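**Student:** Protein sequence lines correspond, in order, to chains A and B. The letter at position 316 of the first sequence is residue 316 when you use our numbering, and the numbering goes up by one with no holes. The letter at position 71 of the second sequence is residue 71 when you use our numbering, and the numbering goes up by one with no holes.
These aren't lab readings, by the way, just hints derived from the structure by calculation. Owing to the predicted nature of the structure, the values given are computational and were not obtained by experimental measurement. Glycine included, each C-beta is placed from N, C-alpha and C at the ideal position. What you were told as hints is all true, and nothing was included just to trick you.
Covered, in the sense of this in silico footprint (three residues per stretch, anywhere, with C-beta under 8 Å from a C-beta of chain A), are these stretches of chain B: (1) 28–35; (2) 135–144; (3) 164–177; (4) 186–197; (5) 200–206.
Sample of chain B residues at the chain A side, in silico, Cβ under 7 Å: (6) D38; (7) H72; (8) E73; (9) V76; (10) D108; (11) A219; (12) A241.
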Amino acid sequence: MSSAGTKTWASAAIWGAAALLGCAGPAPPAGPGAAPPSPLPEITGRVLPPAAPGPWPDGTFDLREIMGGGVGLFDYDGDGDLDLVDVRHPPPGRSRDPAPNRLLRQEPDGTFSDVTATSGLGDPGFGQGVAIGDTDGDGDLDVYFSNVGPDAFYSNNGDGTFSEATARSGLGDDGWSTSAAFLDYDRDGDLDLFVAHYVEYDPEVRCEGSNLSPEYCSPGEYRGAPASLYRNDGGVFTDVSVAAGVAAPANGLGVLCADLSGDGLVDIYVANDQQANHLWVNRGDGTFADEAVLRGVAFSGEGAAEASMGIAIGDADGDDRQDLFITDLRNESNRLYRARDGGLFDDVSDAAGTAAVDRPFTGFGCALADLDHDTDLDLAVVNGRVSRGRPFPDAAALGDFWSLYAEPSLLLWNEGGARFSRAPAAAGGFGAVSAIGRGLAVGDVDGDGDLDLAVGDLGGPVRLFRNEAPPDGAHWLLVRALTGKRDALGALVTLTAGGRSLSRLVLAASSYLSSSDPRAHFGLGPIERVDALDVTWPDGRRERFAGGPVDRVITLRQGTGAPG
Amino acid sequence: MNAARAGILLGVAAALALTGCGQPVRIPLPVDLEQATDGRLRRAVDDATSAVRREPDSALVWVRLGHIYLVHEWDVEAAECYRRATRIEPDEPKWHYYLGRSLLSIDDRQAAEALARSLELAEYAPARFYLGEALLSLGRFDEARGQLERLVAIDPDQPHVRRTLGELALGAGRLEEARAELERAVAVAPDFSPAHAGLARVLLALGETGSAARHAELARRPSQVAPFADPLWQAVEMMSAAPEGFFARAAFFFENGQVERGMAELERVVADGQDDPEVWLYYAGAMFERGEFARAARALETLLGLGDRAARRLPPHKLESCHLLLGASLARLGNAAAAEPHLVRALELNPESTAARRELDVLRGQRER
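Kindly generate the complete structure, drawing on both the sequences and the hints.
**Tutor:** What follows is the structure, given as structure tokens:
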């Protein structure tokens with residue numbers, strides 16, 4: 001076990017100043033009656049370089065222009081802090097224009113520099129999402145961009161640059177790819193790749209909205225597209241989608257890979273838009289079977305196939321089982337599926353209090369994360385419509401066209417036992433300004449032990465929110481679990497302390513089109529010492545590691561713990 | 001300034017004009033009304049807002065405007081209109097019902113209050129059903145269950161109510177009760193996919209994996225069960241400028257014996273180069289039901305002539321329906337040779353289609369005779 005310190009004082013000073021000032025103007029005056037400050041102030045303008053100026057053009061009702069907005073948080077240069085990748089797509093009406101993605105490197109002072117050109121990661125494709133993982137086991141992180149049109153894979157050279165390696169790696173999907181995830185489904189020690197696809201797009205299909213004027217089409221107007229599963233054999237990938245049984249046509253959007261059936265094997269859950277979701281249960285022989293209906297995660301509790309977009313996972317009710325949260329279209333509540341024994345799930349959105357809150361919104365990116373370090377998982381959801389609606393007053397800056405699609409993000413505090421309440425939006429913070437939110441990634445960007453948020457908006461540049469929710473004295477622990485030199489994606493870390501336990505997954509791909517910091521994060525409240533850490537590795541082995549003090553980052557390496 | 005924008009501004013100005021009583025009438029106008037290019041919808045809104053300006057104290061004119069808004073998914077504006085109607089006629093249960101329905105997509109608590117008020121004034125099964133749904137969304141499960149059990153007392157075979165009761169029991173961990181409710185739901189409505197989905201989960205939890213898998217497969221099929229029967233809702237659907245409105249009005253006229261007016265509505269919906277395959281299919285179904293087999297056949301041949309792109313927009317089960325209806329229509333017109341390939345195609349698309357099999361057997365039997 002090793003440990004790493006938190007971020008430098010210089011970085012902390014920058015982030016603190018940014019939070020105090022806010023990015024959109026001075027903080028509201030303090031004093032009696034003043035609104036409380038946001039627990040998640042936006043610091044975009046203070047720490048991120050400016051994006052290309054200019055208003056986003058009005059839409060042309062081409063479905064491709066409203067689904068993108070992926071964002072990734074990862075340490076691409078191995079310097080110990082998280083960097084940002086902003087997945088870009090071309091403006092409406094200019095679908096053939098190059099739209100280079102941006103790589104933003106975090107500097108020691110906590111600001112970010114645009115290193116796209118020098119890194120070679122500026123893939124010009126029609127960007128949608130990003131998957132990040134160490135595919136060759138060399139200890140640095142490689143990047144897969146899902147695009148409308150040819151996808152792109154970039155191999156990390158380990159020196160701060162990337163080499164485009166799509167063709168030589170056997171990758172290169174040219175359909176409409178959406179979320180992608182790295183996983184080791186065949187337990188051979190290297191990372192395979194799953195890519196969801198949305199539709200077989202036909203630009204000649206045009207649609208009308210509820211007011212009988214032009215509007216973006218629903219996916220039902222097109223044929224669904226089968227997902228792709230690529231098996232990694234020594235750095236060369238082979239498309240095994242058909243043989244593995246996952247090539248069913250669908251309108252796939254969100255993807256999450258974890259053991260959901262309880263047999264220790266990594267399964268694949270796909271949020272499908274206006275269709276039954278897929279839960280591809282890993283049979284352990286290289287094939288999968290869709291058990292979503294049987295296990296209660298295909299439909300809403302009312303038995304309806306809904307417009308599922310993003311996926312979050314976490315133990316929302318503190319019973320050491322991993323629950324699922326799915327974002328949906330407005331008038332279809334987001335769904336919280338509580339895990340039961342045997343890999344079964346119940347839709348508990350109504351009892352959780354989320355349904356009544358989020359029904360008016362169209363959710364995309366989402367995260368279950370302990371944002372206030374009280375040991376239970378809170379919810380962050382970014383919203384943005386796919387058809388016109390009544391504008392929120394603060395959306396006027398987006399212009400006449402896009403303001404009708406903007407919605408505020410939602411922050412919901414877990415009051416305990418998976419009962420959620422909406423946090424009031426405070427000026428300058430997460431949820432305060434309406435936008436057309438799509439991607440959401442979480443990670444400890446500023447190195448202070450809590451989880452910050454990166455949001456990818458339609459058309460706009462990536463936005464960053466610093467987490468200031470944890471009260472003084474609330475402790476934390478960040479666990480990096482490694483198998484070989486790479487993050488053990490899919491591993492389950494269970495922390496025990498003072499007679500209770502908390503379970504968190506090691507996971508990068510979740511939410512919508514996005515990739516998060518894969519380290520397992522524990523908010524610990526008053527807990528000052530951890531008794532033990534048990535890890536269930538993706539290959540099924542279990543190990544126990546000694547606990548120790550809190551408020552630090554620790555690394556657990558497979559093979560160095562006591563057999564569990 | 002373009003004509004549409006000028007029209008909107010005039011509309012807004014008119015909407016805010018003083019009435020004869022000197023009180024301003026604030027008529028809610030959807031912000032994207034400007035983008036509504038359909039002439040019929042624009043006229044409907046203009047006519048309804050004009051009526052409100054003329055008679056601002058008439059609950060009925062507010063409700064009619066609310067209907068136009070609600071059926072075109074302007075829910076917030078619809079709720080404002082219905083709320084005005086409830087203030088003008090606070091003892092009219094229908095207005096509270098419509099208010100509750102419009103609020104279901106906005107605020108469950110307010111929806112529940114409006115629906116409860118409606119039920120205080122008059123019993124109406126759909127109001128009780130949607131009140132149950134709103135209470136369920138609010139996590140008030142016992143109250144929801146109470147409302148639904150009152151409905152069961154009236155109609156023990158209401159599949160939607162049985163299914164919801166089953167889900168409530170499942171959520172509470174009462175597996176045998178959930179099983180009983182959901183089995184009852186699929187017994188009275190075998191094509192009720194959501195009930196099959198719930199039953200699959202219950203059976204899996206009970207360890208009956210084989211039966212669970214069978215119901216899981218049935219759950220994947222498109223549900224053939226109509227929504228909770230709601231006569232009041234027909235008034236809302238009839239205000240739609242979309243094809244659904246034409247069908248709703250036609251159904252209303254047919255129900256009231258006004259066959260010619262009903263047929264006229266159906267003919268209007270397919271006029272002017274209609275290229276939506278679902279509209280043609282629905283139209284053909286309506287014609288088939290009325291015994292207008294030649295019209296049905298022509299409509300379906302038009303549908304199939306729309307080309308690959310249009311046909312691709314139909315999901316497989318609807319394409320199957322298209323061939324089945326066309327085959328059945330042609331058979332009834334005495335054209336067995338033309339009918340058979342369509343019935344065969346329907347069977348290819350769904351080998352379990354009993355209707356296609358029956359039609360084909362009849363056709364071949366007639367030929368042998």
